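Undergrad: Listed here are the chains, written in short residue letters.
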Amino acid sequence: MFWKRQVHIAIVFITGILTLFGWFVDSPRFESFVNDDATQWYDIIASFAIILGALNLLKLQFLKIVKQKKDWQYSILAVVGFFFAITAGFFWKGANYIHINNVTANVSTVAPVIAEMEQKTIEQVLPLLEGADTYDVGHIFIIKGSAKKYFDELTASGVNAEMKEKSWGEHLLEEGTVFNWLFKYLFTPMSATMFALLAFFVASASYRAFRIRNFEATLLLLSGIIIMLGRVPLGSSISAWFIAYIIVLSAGMGANIIWKNRMTTFAVVTGGILLVTILGWISGWPVDKPGFLYLPVLQEWIYTVPNIAGARAIMIGIALGMIGTSLRIILGIEKSFMGE
Amino acid sequence: MDKNNFISIIIKLGKVDRRVIFLLIAVVVLLPLLFPIGLPIRATDTTQRSFNAVDALGQGDKLLLSFEYGPSTKPEIHPMAEAVLHHAFSKGMKVYIVCLWPDGQFMAIDALNAIAPQYNAVYGEDYVLLGFRPGGEAVVKGITSNLRKLYTVDYQNTLVESIPMMQGVNSLADFKLIFSFSAGYPGTVEWVQYGSDPTGVPMSTGTASIQVNEIIPYENAGQLRGVIAGMPGAAEYEALIGKKGLGTSGMDAQSIAHLVIVLFIIFGNITYFLERRRSEKKY
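These protein sequence lines are chains S and E, in that order. For the first sequence, the numbering used here assigns the number 1 to the initial residue and increments by one for each residue that follows. For the second sequence, the numbering used here assigns the number 1 to the initial residue and increments by one for each residue that follows.
Rather than coming from a laboratory, the hints here were simulated on the basis of the structure. From a predicted model like this one, the values you see are computed outputs, not experimental measurements. Be aware that a few hints might be false.
Stated by the list, open to error - Anything over 12 Å on all C-beta distances counts as not near chain E; from chain S, calculated: (1) Phe21; (2) Ser47; (3) Lys70; (4) Val79; (5) Ile86; (6) Asp152; (7) Gly271; (8) Asp288; (9) Ala313; (10) Glu334.
As the list claims (entries may be wrong) - Here are the simulated DSSO-like cross-link-like pairs (lysine-lysine), alpha carbons at most 30 Å apart as the crow flies: (11) E:Lys62 to E:Lys15; (12) E:Lys62 to E:Lys281; (13) S:Lys184 to E:Lys243; (14) S:Lys4 to S:Lys59; (15) S:Lys184 to E:Lys244; (16) S:Lys59 to S:Lys69; (17) E:Lys243 to S:Lys260; (18) E:Lys244 to S:Lys289; (19) S:Lys289 to E:Lys3; (20) E:Lys62 to S:Lys120; (21) S:Lys120 to S:Lys166; (22) S:Lys67 to S:Lys120; (23) S:Lys120 to E:Lys243; (24) S:Lys260 to E:Lys62; (25) S:Lys148 to S:Lys166; (26) S:Lys120 to S:Lys148; (27) S:Lys260 to E:Lys281; (28) S:Lys166 to E:Lys149; (29) S:Lys144 to S:Lys166.
All residues carry an ideal CB built from backbone N, CA and C; glycine is no exception.
Input sequences plus hints: build the corresponding full structure.
TA: Quick look at the structure:
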């Protein structure tokens, strides 16, 4: 029990108190602990957490396959993908390139072969070869065999060529390696696709759910429309006077709902249209004036006034909650980190 | 066609299958990409402030860029990263890049490969990519207190002490400006809290549209010098530096897509009212 509970609580208490003191006590030792040592410990622990996360993912997916839970077939894909990525990262570099010796004496014969491999023109390659005794071809071959044709051509042109491999670590970022291929042609398009689907779901959801049911829903809908149009160039092309006319028509609808009298509605709409037209004519119909009816200005106001007020309230609430929870953890009251 | 029939058709249209909506969105996104309209782009105040923050730096000034986004938000954030790199290289700044996200390193390499050659920028002299380190805010704290302890080698495993432009760079305080390209956690908020605020080094950011709500209070409080908000922000920045890029080309599509969504909302509400009125009449 002592090793399972008290030791953990003691470690958390001591580390928490020391970290806290680092901010409030003017001591170089504490400051050094918080700013350097503790953060480095965190980096190391975070790196180990990646391993734990990977193992947990594998365990969950394997269990799903073994128990044949709903959509278990997708888990096979996840496991295969996982092992493929691990293989490409740790076991199979797939990062072979051709290293050429004694280039200087054979520039004219090797230049066309290198140009073909690097997909450049001979004119682009020649300056790179001049004065260079050795040259690393900037093209990666995942399998050594695929370089055979070029390798033979280079050897035939009189140079001493040899196959080399990029070092571990370098193989992750070098263009054309297995891992880079995996990232560029599988991970990137799949991630982008998932995020791009948002546009379709937003369109469908807003069509079905954005309804003027009450005052709050109306406010939300209007803000949504203003931000959607005000954020994009189209919004800045919509004249403030057009918005003024829409407001007049809306006022007419409102008047009709309240008084249910055709004459009153007619008077509100006609009066409003006349007023807007006269004001617009006098001012010369500037697109962005009056500012409070111009969509980009309106959206900026929504972002910087009501939105910030709400966001700050949430942030302050979260901060207070974090202080409370941190104190509870440091003092050993909250033990959820131990699985309790 | 009598009035009742017309209303019935409208109500029926209101119950259109969502796949039709998906198809329409796909068409309105695709068409402007194929046939650009070239809508005029006007910089918002927040983008202008970001531009001013970078523009205030001169030749040789040290600019720290942090890449915290991946392929999912690449269409939104990558154009702004490229635009800021254009701006920085064109003014001869020294660009230092760190990544809080593992994918960020790939994004940084992509952006550098596209922009650095245009200005004949030399690695190690004009720009350096220090790479990714795990730990989120702990990495920011590490850079703040002692960058050399955290980064002993760059992304190519070259010793940092052998890189010419790293001479005299020991901590965050040595930089003139921090610029974070962020799509979430860890990102802009962590840079403000553990980097910019404690050291007083000014900071600006470019974020995904979805994150702007969370970031804008920091900008409003003066902790951030401007925010480039999503793809529209990227297009605005491109307009400010006079280099049309991916942000500008995506703006027509986004504009029309937004307009279509707004039209959907209006039409959805019309059908909702008609349906409600009809059911009220029945009872």
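Undergrad: Could you run down the list of hints and mark each one as holding or not?
TA: Now the hints, each set against the structure:
1. With 12 Å as the threshold on Cβ separation, the claim that S:Phe21 sits away from chain E holds: the shortest Cβ distance comes to roughly 16 Å.
2. Look at S:Ser47: its CB is around 5 Å from the nearest CB on chain E, not clear of 12 Å, so calling it non-interface is violated.
3. Taking the minimum C-beta to C-beta distance to chain E, about 23 Å, the non-interface status of S:Lys70 holds against the 12 Å cut.
4. Residue-level check passed: S:Val79 sits 21 Å from the nearest beta carbon of chain E, beyond 12 Å.
5. Residue-level check passed: S:Ile86 sits 15 Å from the nearest beta carbon of chain E, beyond 12 Å.
6. Consistency note on S:Asp152: stated as away from chain E, and its beta-carbon is indeed over 12 Å from all of that chain's, at 31 Å minimum.
7. Residue-level check passed: S:Gly271 sits 25 Å from the nearest beta carbon of chain E, beyond 12 Å.
8. The Cβ of S:Asp288 sits about 9 Å from the closest Cβ of chain E, inside the 12 Å cut-off, so the non-interface label is violated.
9. Its closest Cβ contact with chain E, about 10 Å, brings S:Ala313 to no more than 12 Å, contrary to its assignment away from the interface.
10. The claim that S:Glu334 is not at the interface with chain E holds, since no C-beta of that chain comes within 12 Å of its own (minimum 21 Å).
11. The hinted pair formed by E:Lys62 and E:Lys15 fails the criterion: a straight-line CA distance of about 57 Å is larger than 30 Å.
12. Between E:Lys62 and E:Lys281 the CA atoms are separated by roughly 71 Å; this puts the pair beyond 30 Å, and the hint is violated.
13. Among the hinted pairs, S:Lys184 with E:Lys243 is consistent with the structure: their alpha-carbon atoms are about 26 Å apart, no more than 30 Å.
14. Between S:Lys4 and S:Lys59 the alpha-carbon distance is near 24 Å, which keeps this suggested pair within the 30 Å criterion.
15. Among the hinted pairs, S:Lys184 with E:Lys244 is consistent with the structure: their alpha-carbon atoms are about 25 Å apart, no more than 30 Å.
16. For a cut-off of 30 Å, the pair hint linking S:Lys59 to S:Lys69 stands: about 14 Å separates their Cα positions.
17. A threshold of 30 Å between alpha carbons decides the hint, and for E:Lys243 with S:Lys260 the separation of about 56 Å lies outside it, so the pair is violated.
18. Distance hint between E:Lys244 and S:Lys289 is fulfilled; the C-alpha atoms sit about 28 Å from each other, no more than 30 Å.
19. The suggested pairing of S:Lys289 with E:Lys3 is violated, with an alpha-carbon distance near 40 Å, which exceeds 30 Å.
20. A hinted pair counts as satisfied when its Cα atoms are at most 30 Å apart, and E:Lys62 with S:Lys120 does not qualify at roughly 34 Å.
21. Pair hint S:Lys120 plus S:Lys166 holds up; C-alpha atoms about 22 Å apart against a cutoff of 30 Å.
22. Proposed proximity of S:Lys67 and S:Lys120 is contradicted: the alpha carbons are some 54 Å apart, above 30 Å.
23. Taking the CA atoms of S:Lys120 and E:Lys243, the gap is near 26 Å; set against the 30 Å cutoff, the hint holds.
24. Between the alpha carbons of S:Lys260 and E:Lys62 the distance comes to roughly 67 Å, so the proposed pair goes past 30 Å and is violated.
25. Proposed proximity of S:Lys148 and S:Lys166 is supported: the alpha carbons are some 18 Å apart, at most 30 Å.
26. Between S:Lys120 and S:Lys148, the direct Cα distance comes to roughly 20 Å. Compliance with the 30 Å bound is thereby established for this hinted pair.
27. The suggested pairing of S:Lys260 with E:Lys281 holds, with an alpha-carbon distance near 18 Å, which does not exceed 30 Å.
28. The hinted pair formed by S:Lys166 and E:Lys149 meets the criterion: a straight-line CA distance of about 27 Å does not exceed 30 Å.
29. With a C-alpha separation of about 13 Å, the suggested pair S:Lys144 and S:Lys166 falls inside the 30 Å cut-off, and the hint holds.
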